[in-house]
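Hey, can you work out the whole structure from these sequences and the hints?
Under full-length UniProt numbering, the residue at position 225 of the sequence shown is numbered 225, and the numbers go up by one with no gaps.
It is worth saying that the hints were derived from the structure and are not from the lab.
Glycine included, each C-beta is placed from N, C-alpha and C at the ideal position.
Hints may contain errors.
Derived DEER-like restraints, expressed as beta-carbon distance ranges [unchecked claim]:
{"id": "1", "residue 1": "D89", "residue 2": "I171", "range": "23 to 29 Å"}
{"id": "2", "residue 1": "G58", "residue 2": "I171", "range": "29 to 35 Å"}
{"id": "3", "residue 1": "H147", "residue 2": "D437", "range": "25 to 31 Å"}
{"id": "4", "residue 1": "K79", "residue 2": "K493", "range": "43 to 49 Å"}
{"id": "5", "residue 1": "R373", "residue 2": "A31", "range": "39 to 45 Å"}
{"id": "6", "residue 1": "D47", "residue 2": "K148", "range": "20 to 26 Å"}
{"id": "7", "residue 1": "K315", "residue 2": "E131", "range": "45 to 51 Å"}
{"id": "8", "residue 1": "E274", "residue 2": "R373", "range": "35 to 41 Å"}
With a cut-off of at most 30 Å between alpha-carbon atoms, the simulated DSBU-like pairs for lysine-lysine come out as follows [claimed, not checked]:
{"id": "9", "residue 1": "K94", "residue 2": "K48"}
{"id": "10", "residue 1": "K94", "residue 2": "K79"}
{"id": "11", "residue 1": "K303", "residue 2": "K330"}
{"id": "12", "residue 1": "K129", "residue 2": "K281"}
{"id": "13", "residue 1": "K116", "residue 2": "K281"}
{"id": "14", "residue 1": "K148", "residue 2": "K129"}
{"id": "15", "residue 1": "K38", "residue 2": "K79"}
{"id": "16", "residue 1": "K315", "residue 2": "K94"}
{"id": "17", "residue 1": "K129", "residue 2": "K90"}
{"id": "18", "residue 1": "K330", "residue 2": "K94"}
{"id": "19", "residue 1": "K303", "residue 2": "K377"}
{"id": "20", "residue 1": "K148", "residue 2": "K79"}
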Amino acid sequence: MRHVINNTPSSAENTVTRARLPNAGIALNEADKARIAKVRQYLGTLDKIRIGVPKAPGLGHQAATLTMVQELRDLGFNKIIELIPENNDKATSKKLETLLPGYIDNGEAVQELLDKRIRVLQNIESHEKTELGIYAALDNPLNVDLHKNLNASKVLVLQPHQWHSPRFVSIVPKKKLLNHVGVGSTRPKIQGVDKISQDFISKTLGAENSSQGRSHSSQRPDPATLSQSRLTYFSQLVAKPENLNFLVTLEYQKEADTLNAQAAKLSASGHPQEASLLRKKAFDRTACGETLNTLLTGVRKGKVDMMTTYGADFKVAITALAAGIQYAQKHSNTLGTVLLITGNCKDSALTDLPASTKIVSAHDSDNAIAQIRSLAKGQLLVLRLGGAPKKVFHELIRESTMPPVYEGANTNNIGKLLGQPHMSWNWMFTPLIPPSDPSQKTVIDQLQQIANGLQGKAPTTVARDVGEYIISARTRHSPVRNYFADEQQEFLKADNNSVVVGLDRLLSSV
Numbered sequence: 001m002r003h004v005i006n007n008t009p010s011s012a013e014n015t016v017t018r019a020r021l022p023n024a025g026i027a028l029n030e031a032d033k034a035r036i037a038k039v040r041q042y043l044g045t046l047d048k049i050r051i052g053v054p055k056a057p058g059l060g061h062q063a064a065t066l067t068m069v070q071e072l073r074d075l076g077f078n079k080i081i082e083l084i085p086e087n088n089d090k091a092t093s094k095k096l097e098t099l100l101p102g103y104i105d106n107g108e109a110v111q112e113l114l115d116k117r118i119r120v121l122q123n124i125e126s127h128e129k130t131e132l133g134i135y136a137a138l139d140n141p142l143n144v145d146l147h148k149n150l151n152a153s154k155v156l157v158l159q160p161h162q163w164h165s166p167r168f169v170s171i172v173p174k175k176k177l178l179n180h181v182g183v184g185s186t187r188p189k190i191q192g193v194d195k196i197s198q199d200f201i202s203k204t205l206g207a208e209n210s211s212q213g214r215s216h217s218s219q220r221p222d223p224a225t226l227s228q229s230r231l232t233y234f235s236q237l238v239a240k241p242e243n244l245n246f247l248v249t250l251e252y253q254k255e256a257d258t259l260n261a262q263a264a265k266l267s268a269s270g271h272p273q274e275a276s277l278l279r280k281k282a283f284d285r286t287a288c289g290e291t292l293n294t295l296l297t298g299v300r301k302g303k304v305d306m307m308t309t310y311g312a313d314f315k316v317a318i319t320a321l322a323a324g325i326q327y328a329q330k331h332s333n334t335l336g337t338v339l340l341i342t343g344n345c346k347d348s349a350l351t352d353l354p355a356s357t358k359i360v361s362a363h364d365s366d367n368a369i370a371q372i373r374s375l376a377k378g379q380l381l382v383l384r385l386g387g388a389p390k391k392v393f394h395e396l397i398r399e400s401t402m403p404p405v406y407e408g409a410n411t412n413n414i415g416k417l418l419g420q421p422h423m424s425w426n427w428m429f430t431p432l433i434p435p436s437d438p439s440q441k442t443v444i445d446q447l448q449q450i451a452n453g454l455q456g457k458a459p460t461t462v463a464r465d466v467g468e469y470i471i472s473a474r475t476r477h478s479p480v481r482n483y484f485a486d487e488q489q490e491f492l493k494a495d496n497n498s499v500v501v502g503l504d505r506l507l508s509s510v
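Here it is, written out as structure tokens:
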């Protein structure tokens with residue numbers, strides 16, 4: 001069943017207070033403009049860029065990689081990008097299926113996506129060497145043969161903000177250190193990180209870079225965040241909010257179309273069972289798109305509230321969040337609320353929810369849509385989505401009317417970029433800027449207390465802590481809103497775009 005969605009926002013949508021990214025442009029000084037122009041000019045000389053997609057337990061590394069692809073597009077690179085799953089890893093390829101519309105893990109040595117400018121390569125050793133390879137996120141890069149893995153002459157290793165692995169340029173036989181968060185940082189000490197950092201500088205990069213690292217020890221480390229596409233992607237979406245539901249439809253339709261095309265090929269070649277499985281997957285993608293369109297339409301029209309979660313998919317956290325939502329519903333003007341769970345979530349994680357809570361899958365679109373449309377004030381609906389294309393995930397975060405909940409630094413960066421109040425169950429991150437007044441310090445303490453509660457360390461107060469934070473985050477000019485607005489302004493500075501910073505450093509190293 002297909003549902004026709006009216007995407008025209010109504011005046012009622014403004015009844016919900018949200019933290020949206022300002023429409024103001026990003027101010028660049030002349031030096032910034034010159035640096036970006038130099039990077040753009042260099043990118044114009046390349047016929048392709050090869051990007052490593054590392055293995056990792058979750059989806060953060062792969063998501064950071066794909067967002068960097070968008071940022072390279074924003075910088076004007078419109079030629080071929082080749083994605084290289086680490087060691088032809090099957091699990092990594094499966095994650096790309098979730099995050100990258102148009103990609104199907106079918107074992108092809110070279111798969112060209114619908115974009116025609118993105119390819120996924122297996123068996124990299126059989127391909128010719130290229131000039132530039134990039135890792136957007138990579139744990140333990142000292143243990144990786146970077147040039148062999150990407151078959152590239154120059155390799156740039158970047159990391160999202162507050163990831164503690166080193167960033168550097170590698171041009172055989174030398175490596176050049178970029179600003180590394182582990183050196184001279186004022187962040188809380190994490191066992192082992194500082195020793196690894198110093199070993200990396202002194203043993204791998206040599207004396208020149210070691211002294212350079214020490215010379216920066218009195219400065220706050222560069223909060224370089226790649227892979228958030230500051231320059232174009234989010235600003236375009238904010239400027240045209242009426243397109244958001246269409247974007248969700250488009251991303252899921254891309255997946256469905258690709259799966260159906262593959263199914264047709266399999267059917268024609270005498271593989272009806274495999275074709276049937278792909279057609280079922282295509283139907284599921286379409287169903288999810290319909291469910292999310294209904295949800296986002298309700299959110300934008302002010303008929304339903306939504307909290308998006310990623311990584312908080314275990315019983316203690318979900319139970320605490322549900323209790324916090326109910327506290328906010330009781331003590332403030334909130335609507336019926338959808339607790340949207342992205343990523344994996346076992347049935348056992350949902351066994352301690354209030355008896356009145358309804359649980360439904362986004363894949364069961366008819367039931368899910370009916371539940372969303374009938375959700376009344378004071379009610380709670382748990383909507384299980386599973387994995388989502390990266391752009392869709394960003395929209396679900398951005399449209400949350402209650403603070404989203406993140407797992408770690410990569411998704412935390414999205415919240416800072418959007419200037420959007422959020423929570424994390426493993427909060428351990430240093431603010432970009434020191435708190436300027438006691439109220440900001442209070443917000444930081446709040447976030448840590450909530451993280452403790454979501455881990456089960458403060459079970460008696462967690463409902464109140466989460467609920468009061470939700471209420472504050474929905475109040476204009478509250479300390480919570482002001483804190484994240486300040487973080488956003490720091491985050492949006494041109495110096496904090498590490499794709500630009502990294503490529504500029506690479507050019508100066510040649």
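Hints breached by this structure: 3, 4, 5, 12 and 18
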